[in-house]
Amino acid sequence: MNLHEYQAKQLLGERGVNVPTGAVCSTAAEVRNFADKAFAAGSRLTVVKSQIHAGGRGKGTFKSGFQGGVKVCKTASESEEKAAAMLGQVLVTKQTGPDGRLVSKLLIEAARDIKKEFYVAVLLDRQTARPVLMASAEGGVDIEEVAEKSPEKILKESIDPAVGLMAYQSRKVAQALGLRGELMTQAVKLFAGLYKTWLDCDAAMIEINPLAIMVENDGKEVLVAVDAKMSLDDNALYRQPKIAAMRDLAEEAALEIEASKFNLNYIKLDGNIACLVNGAGLAMATMDIIQHFGGNPANFLDVGGGASREQVTAAFKIILSDPNVKGIFVNIFGGIMDCNIIATGIVAAVKETGLTLPLVVRLEGNNVLAGKKNLAESGLTLITGDSMADAAQKVVKAVGK
Amino acid sequence: MSILVTPHTKVLVQGITGSFGARHAQLSLEYGTQIVAGVTPGKGGQLFENRVPIFDTVAEAVKQTGATASAIFVPPPFAADAILEGVDAGLELVVCITEGIPVIDMIKVKRAMAGLKTRLIGPNCPGLVTPGTGKDSHGGCRIGIAPGYIHKKGNIGVVSRSGTLTYEAVWQLTSRGVGQSTCVGIGGDPVNGTSHLDVIKMFNDDPETEGIIMIGEIGGSAEEEAAAWIKQYCKKPVAGFIAGSTAPPGRRMGHAGAIVSGGKGTAEAKIAAFKEAGIGVAATPSEMADTLLAMMKRG
Chain E
17 MNLHEYQAKQ
27 LLGERGVNVP
37 TGAVCSTAAE
47 VRNFADKAFA
57 AGSRLTVVKS
67 QIHAGGRGKG
77 TFKSGFQGGV
87 KVCKTASESE
97 EKAAAMLGQV
107 LVTKQTGPDG
117 RLVSKLLIEA
127 ARDIKKEFYV
137 AVLLDRQTAR
147 PVLMASAEGG
157 VDIEEVAEKS
167 PEKILKESID
177 PAVGLMAYQS
187 RKVAQALGLR
197 GELMTQAVKL
207 FAGLYKTWLD
217 CDAAMIEINP
227 LAIMVENDGK
237 EVLVAVDAKM
247 SLDDNALYRQ
257 PKIAAMRDLA
267 EEAALEIEAS
277 KFNLNYIKLD
287 GNIACLVNGA
297 GLAMATMDII
307 QHFGGNPANF
317 LDVGGGASRE
327 QVTAAFKIIL
337 SDPNVKGIFV
347 NIFGGIMDCN
357 IIATGIVAAV
367 KETGLTLPLV
377 VRLEGNNVLA
387 GKKNLAESGL
397 TLITGDSMAD
407 AAQKVVKAVG
417 K
Chain F
18 MSILVTPHTK
28 VLVQGITGSF
38 GARHAQLSLE
48 YGTQIVAGVT
58 PGKGGQLFEN
68 RVPIFDTVAE
78 AVKQTGATAS
88 AIFVPPPFAA
98 DAILEGVDAG
108 LELVVCITEG
118 IPVIDMIKVK
128 RAMAGLKTRL
138 IGPNCPGLVT
148 PGTGKDSHGG
158 CRIGIAPGYI
168 HKKGNIGVVS
178 RSGTLTYEAV
188 WQLTSRGVGQ
198 STCVGIGGDP
208 VNGTSHLDVI
218 KMFNDDPETE
228 GIIMIGEIGG
238 SAEEEAAAWI
248 KQYCKKPVAG
258 FIAGSTAPPG
268 RRMGHAGAIV
278 SGGKGTAEAK
288 IAAFKEAGIG
298 VAATPSEMAD
308 TLLAMMKRG
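One line per chain: the protein sequences are E and F, in this order.
Under the numbering used here, think of the first position of the first sequence as 17, with each following residue one higher.
Under the numbering used here, think of the first position of the second sequence as 18, with each following residue one higher.
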């Protein structure tokens with residue numbers, strides 16, 4: 017699960033990370049209200065930011081033609097104007113795909129001049145099975161590019177989970193970033209808050225990019241988390257009820273939400289051959305084999321080890337709601353599960369959904385002969401495949417016709 | 018020999034009275050596995066299926082029955098505790114089947130068991146099987162949830178992150194009359210107890226294992242690390258498959274660890290590492306067994 021920038025900043029701010037003063041608004045009037053106060057209090061700039069779960073907002077374009085999902089403003093009326101142009105509009109960025117995302121919330125913040133930008137993050141290092149504090153003096157840019165072109169510019173400090181992030185580690189990183197004196201003290205506090213947020217909230221990753229040195233009106237320099245991105249460990253949501261309640265269903269695909277109600281793991285793709293498989297590894301491999309034989313998978317769908325009749329029926333309904341689907345490939349390895357029970361589920365689901373598209377079924381495993389007989393005697397026009405390869409070729413051919 | 022377990026290994030089941038644990042404990046008993054004890058706190062003194070004694074603690078179960086391995090079926094919030102209880106009781110092997118354990122719990126568990134003798138397999142894994150010599154490989158050691166009957170005693174080692182893809186590979190072998198030494202599912206989570214490489218090293222040292230099937234998937238770099246070692250040290254033919262060539266980046270494909278993030282962990286990179294190491298790459302998941310058998314015939 018991903019969070020919005022304003023939610024991440026709230027969680028970070030509560031744990032000692034310096035975030036800009038701001039407000040979440042759903043109307044231009046609210047934006048105006050905050051901006052009036054900010055300018056009256058001495059701010060020279062505000063920044064108005066679209067809240068969607070996708071990167072590239074600043075360089076995005078609204079379907080209305082308005083350029084940019086993040087705007088720096090010099091007056092309260094400009095803040096209000098820009099907010100009015102963004103709210104209720106669909107923003108397309110390099111990460112949203114052509115459909116874009118509806119902007120229904122804005123974050124407005126008091127802004128200052130930025131002197132220098134950094135990158136800092138806490139995430140899991142799978143190789144060491146420990147969290148790692150990652151930082152770079154190359155902030156405000158695409159960190160993946162930095163990692164690829166100049167990996168030496170990325171600092172990594174491995175964190176021992178028994179003691180947590182130690183202050184000396186933060187000082188080491190701060191020094192390497194060139195932060196001295198008061199700024200080093202601020203960095204130590206900020207990194208500690210960042211790690212605490214990661215740990216307290218069961219985060220998968222928290223990224224502050226950019227972390228910036230901002231210059232206040234009196235010339236004082238302060239470290240501020242200008243942008244924040246946070247994703248959570250879905251396995252831990254059961255013990256994070258407050259954070260789980262921050263889930264924004266508007267940011268997720270409707271079919272994927274529907275699937276999750278039935279404990280089905282469904283991810284929509286662009287192709288036209290739907291797959292229904294038991295087990296995540298086999299489900300991925302099924303997509304791969306469809307592509308290998310020249311087809312294009314329409315989805316990832318893992319019905320799990322159990323695959324009850326209700327689940328299979330729900331799965332058929334979900335894959336059939338995708339208008340691109342021109343054929344279905346059911347691939348089940350019934351290890352413990354009785355193949356005949358699965359076959360009964362398939363027959364019931366096909367009858368209930370009135371399926372007319374080509375259906376290729378490959379069943380293997382426990383009591384498979386009874387299962388195949390059941391399918392053969394069902395009166396349904398389905399194609400059976402003996403192996404994964406055989407079935408995949410048949411479904412690619414059936415859809416290609 | 019085999020690796021990790023033999024048909025004589027004495028196994029206890031943590032969470033034997035839950036529906037999931039009970040069902041698979043029963044199937045293991047039917048397979049002929051030495052399930053000698055169950056552990057469910059508060060139910061000590063009862064019997065499972067009128068024959069397997071249940072204890073309140075793992076330590077007591079080990080003391081009374083001499084069990085050396087454990088299968089964990091407890092729900093995710095209690096799994097970290099169950100693993101470390103097995104470690105504390107001095108078990109040689111703890112196999113955690115539980116899916117959905119928070120990553121931070123596993124980070125702490127790994128830290129806490131560092132340097133101790135217990136080996137953890139999983140979590141979020143199908144477990145392992147050393148096939149027996151009876152009909153449908155009866156009489157073997159089955160710890161976890163894999164279907165026992167698809168196996169056949171023999172000389173191929175199988176290691177995989179995915180359950181159903183392991184069964185697929187095992188079934189391809191058995192259907193061709195080729196048996197297995199041990200089949201190990203190491204699990205689909207980003208932090209696990211035993212890696213591909215750990216298992217490959219054991220297969221390499223096991224005189225009974227003559228060839229290896231290694232199945233990987235997108236996410237992390239464990240397959241690349243195993244491949245680099247294989248290139249230098251492995252004496253036996255290895256064939257493999259990597260699932261997830263078609264998976265979109267940034268999306269978790271069912272398994273918590275199956276995700277391409279920041280351009281890392283792609284199927285493309287893993288397949289390249291396999292090829293570089295001389296590992297036979299199956300073009301499709303239908304050809305895992307055939308790819309290995311062709312290499313062994315040539316070898």
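No wet-lab data here; the hints were simulated from the structure.
Every value quoted in this text rests on a predicted model; they were computed, and no experiment measured them.
Ideal Cβ positions, reconstructed from N, Cα and C, are used throughout, including at glycine.
Errors might be hidden in some of the hints.
Stated by the list, open to error - With a Cα cut of at most 27 Å, we get these calculated DSS-like pairs of lysine-lysine:
hint, chain 1, residue 1, chain 2, residue 2
1, E, K413, E, K388
2, F, K80, E, K245
3, F, K248, F, K292
4, E, K90, E, K75
5, F, K152, F, K80
6, F, K125, E, K245
7, E, K110, E, K165
8, E, K172, E, K188
9, E, K75, E, K131
10, F, K281, E, K75
11, E, K90, E, K132
12, F, K170, F, K80
13, E, K169, E, K75
14, F, K170, F, K252
15, F, K80, E, K172
16, E, K388, F, K248
17, E, K53, E, K110
18, F, K27, E, K205
19, E, K165, F, K281
20, F, K314, E, K172
21, E, K212, E, K90
22, E, K165, E, K205
23, E, K389, E, K367
24, F, K27, F, K218
25, F, K27, E, K389
26, F, K125, E, K258
27, E, K110, F, K281
28, F, K253, E, K169
29, E, K212, F, K253
30, F, K292, E, K172
31, E, K79, E, K132
32, E, K212, F, K314
33, F, K281, E, K212
34, F, K292, E, K188
35, F, K292, E, K165
36, F, K218, E, K188
Unchecked claim - Derived CB-CB ranges, DEER-like:
hint, chain 1, residue 1, chain 2, residue 2, range
37, F, P266, E, P167, 40 to 50 Å
38, F, D307, E, E368, 22 to 32 Å
39, F, G83, E, N34, 32 to 42 Å
40, F, A289, E, F82, 38 to 48 Å
Tested hints:
1. E/K413 x E/K388: The hint holds at about 21 Å.
2. F/K80 x E/K245: Given pair F/K80, E/K245 is violated - Cα atoms ~50 Å apart, limit 27 Å.
3. F/K248 x F/K292: The hint holds at about 10 Å.
4. E/K90 x E/K75: At roughly 19 Å apart (the allowed maximum being 27 Å), E/K75 and E/K90 satisfy the hint.
5. F/K152 x F/K80: violated (33 Å)
6. F/K125 x E/K245: It holds: about 24 Å lies between the C-alpha atoms, which stays within 27 Å.
7. E/K110 x E/K165: holds (21 Å)
8. E/K172 x E/K188: Given that 27 Å is the threshold and the Cα spacing comes to 10 Å, the pair holds.
9. E/K75 x E/K131: holds (21 Å)
10. F/K281 x E/K75: holds (25 Å)
11. E/K90 x E/K132: Answer holds: E/K90 to E/K132 is near 21 Å, not above 27 Å.
12. F/K170 x F/K80: Roughly 31 Å separates the two Cα atoms, so the pair is violated.
13. E/K169 x E/K75: It holds: about 25 Å lies between the C-alpha atoms, which stays within 27 Å.
14. F/K170 x F/K252: holds (21 Å)
15. F/K80 x E/K172: violated (45 Å)
16. E/K388 x F/K248: Not satisfied, since the Cα-Cα distance of roughly 43 Å exceeds 27 Å.
17. E/K53 x E/K110: violated (34 Å)
18. F/K27 x E/K205: violated (51 Å)
19. E/K165 x F/K281: holds (14 Å)
20. F/K314 x E/K172: Violated, at roughly 46 Å.
21. E/K212 x E/K90: Judged against 27 Å, a Cα distance of about 35 Å means the pair is violated.
22. E/K165 x E/K205: violated (30 Å)
23. E/K389 x E/K367: holds (17 Å)
24. F/K27 x F/K218: It holds: about 24 Å lies between the C-alpha atoms, which stays within 27 Å.
25. F/K27 x E/K389: Distance of about 40 Å is beyond 27 Å: violated.
26. F/K125 x E/K258: Holds - the C-alpha atoms of E/K258 and F/K125 are around 23 Å apart, at most 27 Å.
27. E/K110 x F/K281: Distance ~19 Å between E/K110 and F/K281 Cα, so the pair holds.
28. F/K253 x E/K169: Violated - the C-alpha atoms of E/K169 and F/K253 are around 40 Å apart, more than 27 Å.
29. E/K212 x F/K253: Not satisfied, since the Cα-Cα distance of roughly 47 Å exceeds 27 Å.
30. F/K292 x E/K172: violated (30 Å)
31. E/K79 x E/K132: violated (33 Å)
32. E/K212 x F/K314: Distance of about 56 Å is beyond 27 Å: violated.
33. F/K281 x E/K212: With a Cα-Cα distance of about 26 Å, the restraint between F/K281 and E/K212 holds, given a limit of 27 Å.
34. F/K292 x E/K188: violated (40 Å)
35. F/K292 x E/K165: The given pair, whose Cα atoms are some 25 Å apart, holds under the 27 Å limit.
36. F/K218 x E/K188: Roughly 37 Å separates the two Cα atoms, so the pair is violated.
37. F/P266 x E/P167: 40 to 50 Å: Roughly 19 Å apart at Cβ, these two residues miss the hinted range, so it is violated.
38. F/D307 x E/E368: 22 to 32 Å: Cβ of F/D307 to Cβ of E/E368: about 39 Å, so the range 22 to 32 Å is violated.
39. F/G83 x E/N34: 32 to 42 Å: Roughly 58 Å apart at Cβ, these two residues miss the hinted range, so it is violated.
40. F/A289 x E/F82: 38 to 48 Å: holds (43 Å)
Of the hints listed earlier, those the structure fails to meet are numbers 2, 5, 12, 15, 16, 17, 18, 20, 21, 22, 25, 28, 29, 30, 31, 32, 34, 36, 37, 38, 39, in rising order.
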